Amino acid sequence: MAEPSALPLFSPNIDPGPSFSELLRQVSPHQLPSAGGGSIAGLDIPHGTTVVAVRYADGVVMAGDRRATAGYMIASRRIDKVFAADEFSGVAIAGAAGPAIEMVKLFQTQLEHYEKVQGDVLSLEGKANQLGMLVRANLPAAMQGLAVVPLFAGYDQHREIGRVFSYDVTGGRYEEHDYQGQGSGSIHARNWIKAGWREDMSLDETVDLSIRALFAAADEDVATGGPDLVRGIFPLVAAIDAGGFRAFDEADVEQRSRALLDGRERGGATE
20 MAEPSALPLF SPNIDPGPSF SELLRQVSPH QLPSAGGGSI AGLDIPHGTT
70 VVAVRYADGV VMAGDRRATA GYMIASRRID KVFAADEFSG VAIAGAAGPA
120 IEMVKLFQTQ LEHYEKVQGD VLSLEGKANQ LGMLVRANLP AAMQGLAVVP
170 LFAGYDQHRE IGRVFSYDVT GGRYEEHDYQ GQGSGSIHAR NWIKAGWRED
220 MSLDETVDLS IRALFAAADE DVATGGPDLV RGIFPLVAAI DAGGFRAFDE
270 ADVEQRSRAL LDGRERGGAT E
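Residue numbers (our numbering): 20 to 290.
None of these hints come from the bench; they were simulated from the model.
Watch out, some of these pointers could steer you wrong.
Unchecked claim - Label-pair distances were calculated between CB atoms; the ranges are:
hint : residue 1 : residue 2 : range
1    : S95       : D271      : 39 to 49 Å
2    : G251      : G215      : 19 to 29 Å
3    : E131      : K213      : 13 to 23 Å
4    : D281      : M152      : 37 to 47 Å
5    : E134      : T189      : 41 to 51 Å
6    : Q274      : R97       : 38 to 48 Å
7    : V249      : M92       : 28 to 38 Å
8    : G90       : V140      : 15 to 25 Å
9    : V140      : V249      : 22 to 32 Å
10   : I93       : K135      : 32 to 42 Å
11   : Q163      : V249      : 33 to 43 Å
12   : V140      : H196      : 22 to 32 Å
Unchecked claim - Cross-link-like lysine to aspartate or glutamate pairs, in silico, EDC-like; alpha carbons within 16 Å at most:
hint : residue 1 : residue 2
13   : K135      : E121
14   : K124      : D139
15   : K213      : D187
16   : K213      : E195
17   : K124      : E106
18   : K124      : D99
19   : K135      : E106
20   : K213      : E224
21   : K135      : E179
Note that the structure is predicted; figures quoted are calculated from it, not measured.
Where is the CB? At the ideal position from N, CA and C, for every residue including glycine.
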């Protein structure tokens, strides 16, 4: 019977502690999202756009369109851009799709690894800091055109509120007090949200506003996917509150989307 492989041992000065990314950097650096190198000039890398995170009275809503583009081509019509990070937080991705999805997986593992090693969970702000470190580690790849600009949001159980964090390509972390968007269509989405956002919005109002914002972005930005009634493709939507992270059922989002498409503000039917 083969003996199990021994766990790696570290001297005190290089012990990675509860950091899974630091553990990878020492034992398997090629597995890090920023590993590799070489020029990517001339290659059309799939990019994902557009995602939003919007606070409401009891938590936060995250939503994203489903399109990924590679140059002037549609690389995917059904890409997932909204992910659970853990029970009370989520990540929405924009930028180079491959590295972004790898970063999300590493972040999910990092949070689980920290909890197992420390026997406790990170605070929401601590989780936001950990994601910022991963974004900063991706900077060499970003300089080659593989930028990743996520949104992070979650429910702060100590303060009992939803919180939203955005990042730049250097890993700079910024807390937003109301809403934020990332991706090529984000400026149009944010303008739509700005016109309708209130501090005391209900969950249903916030979900509808987020879907409307993505529709508005798709109207103005060719890289953002709008509602596809033929293929049945609609945004991904999730809410995070005291009950944890939960993704909305596709049928629910479709029903909401069709109702919004028939509304006055979209030029649809009126009573």
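Structure-based check of all given hints:
1. S95 x D271: 39 to 49 Å: violated (23 Å)
2. G251 x G215: 19 to 29 Å: Roughly 26 Å apart at Cβ, these two residues keep to the hinted range, so it holds.
3. E131 x K213: 13 to 23 Å: violated (36 Å)
4. D281 x M152: 37 to 47 Å: holds (45 Å)
5. E134 x T189: 41 to 51 Å: The hinted range 41 to 51 Å is violated for E134 and T189, with Cβ atoms some 28 Å apart.
6. Q274 x R97: 38 to 48 Å: Check failed, 19 Å falls outside 38 to 48 Å.
7. V249 x M92: 28 to 38 Å: For M92 against V249, whose Cβ atoms are near 19 Å apart, the range 28 to 38 Å is violated.
8. G90 x V140: 15 to 25 Å: At 41 Å between Cβs, range violated.
9. V140 x V249: 22 to 32 Å: violated (43 Å)
10. I93 x K135: 32 to 42 Å: Once the Cβ atoms are compared, 40 Å apart, the range 32 to 42 Å for K135 and I93 holds.
11. Q163 x V249: 33 to 43 Å: holds (37 Å)
12. V140 x H196: 22 to 32 Å: holds (24 Å)
13. K135 x E121: violated (21 Å)
14. K124 x D139: violated (20 Å)
15. K213 x D187: Between K213 and D187 the Cα gap is close to 21 Å, so the pair fails against 16 Å, i.e. violated.
16. K213 x E195: The hint holds at about 13 Å.
17. K124 x E106: Distance ~15 Å between K124 and E106 Cα, so the pair holds.
18. K124 x D99: OK: K124 and D99 at ~13 Å, within 16 Å.
19. K135 x E106: holds (15 Å)
20. K213 x E224: Judged against 16 Å, a Cα distance of about 14 Å means the pair holds.
21. K135 x E179: violated (24 Å)
Consistency note: the structure conflicts with the earlier hints numbered 1, 3, 5, 6, 7, 8, 9, 13, 14, 15, 21.
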